[in-house]
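Participant: Sequence:
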Amino acid sequence: SLCASPHTFSRLPISERPMGCGGSTEEGADATGVEVEVQSPGPMSELGLSLSLKSGPVEGTAALRWVAAEAGDIPDDAIPVGEEEDGQVLFCARGEYTVLTTTHVIAGKIRPGFSGVNLSYGGEEKVGITKYQVLCGDKDATCLTRVESGLTGGIPGHAVAASANSFVAISVNQEACPGRHPGQVEDFDMASQISFAFGGEEKMDGTFDVLCYKASATMANPAAEAEKATEAPTEAEKATE
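Here the sequence shown is numbered in my numbering, starting from 290 and rising by one per residue.
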């Protein structure tokens with residue numbers, strides 16, 4: 290398999306990483322009609338980090354990229370990664386959520402009909418973050434790695450990073466939360482759970498899928514690879530031509 294084995298984990302080599310029932314909710318109400326918080330973030334911050342909310346390739350591969358969008362827009366090449374209980378396609382997006390003076394970059398879900406990305410934080414579903422980035426690119430360059438009962442072996446190789454310490458994950462517990470809902474897993478104590486928004490709440494689960502990019506799509510540093518391709522051949526290389 291071009292993806293990491295479900296039982297073989299290795300920490301994703303990222304040199305500069307920035308900074309769990311009801312159903313997906315529309316702006317202002319959960320699936321039962323109960324009012325939930327609608328949070329609009331402040332201006333998108335650079336955070337001074339390489340994977341802040343800037344458009345560009347996912348680090349490690351040129352096949353995937355984060356594309357800026359707002360107010361419910363979804364790019365044409367957004368990658369479907371999940372679905373509602375009724376089969377509506379869910380896409381992964383990341384947005385900023387600020388608590389006091391700390392801004393968090395969080396991966397969540399979006400679909401047609403949403404006013405923005407729905408994120409999970411502090412036990413709640415934060416609905417309608419109106420500025421966000423959507424994961425786009427070549428769906429065939431991605432695959433899923435199942436994690437059972439907590440992330441005890443590390444982050445699966447080639448996991449798609451959402452922030453400095455989190456990676457894109459998808460819920461799989463159909464009994465507790467029907468559907469497959471994009472969220473994130475955090476790389477803190479190596480025993481992490483998926484965190485995702487569902488029915489006005491933040492849900493957690495120790496069994497989930499991690500979105501990875503296939504080894505065939507690996508490009509650790511696209512800029513460096515492009516520069517290397519334009520370099521003049523060395524004397525040793527000339528001798529072998």
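Quick caveat, the hints were computed from the structure, so don't treat them as lab data. Note that beta-carbon positions come from the ideal geometry of N, C-alpha and C, so glycine has one too. Don't take every hint at face value.
[Stated by the list, open to error] Estimated spans, in silico, between C-beta atoms of each pair:
(1) Ala357 / Glu464: 29 to 39 Å
(2) Glu374 / Glu437: 16 to 26 Å
(3) Ala465 / Asp365: 27 to 37 Å
(4) Glu437 / Pro364: 12 to 22 Å
(5) Ala360 / Glu464: 27 to 37 Å
(6) Glu464 / Pro401: 36 to 46 Å
(7) Thr391 / Ala504: 34 to 44 Å
(8) Glu359 / Leu389: 16 to 26 Å
Participant: Determine for every hint whether it applies to the structure shown.
Facilitator: Now for the hints, and whether the structure bears them out:
no.: 1; hint: Ala357 / Glu464: 29 to 39 Å; in the structure: holds, 36 Å
no.: 2; hint: Glu374 / Glu437: 16 to 26 Å; in the structure: holds, 23 Å
no.: 3; hint: Ala465 / Asp365: 27 to 37 Å; in the structure: holds, 33 Å
no.: 4; hint: Glu437 / Pro364: 12 to 22 Å; in the structure: violated, 33 Å
no.: 5; hint: Ala360 / Glu464: 27 to 37 Å; in the structure: holds, 34 Å
no.: 6; hint: Glu464 / Pro401: 36 to 46 Å; in the structure: violated, 27 Å
no.: 7; hint: Thr391 / Ala504: 34 to 44 Å; in the structure: holds, 35 Å
no.: 8; hint: Glu359 / Leu389: 16 to 26 Å; in the structure: holds, 24 Å
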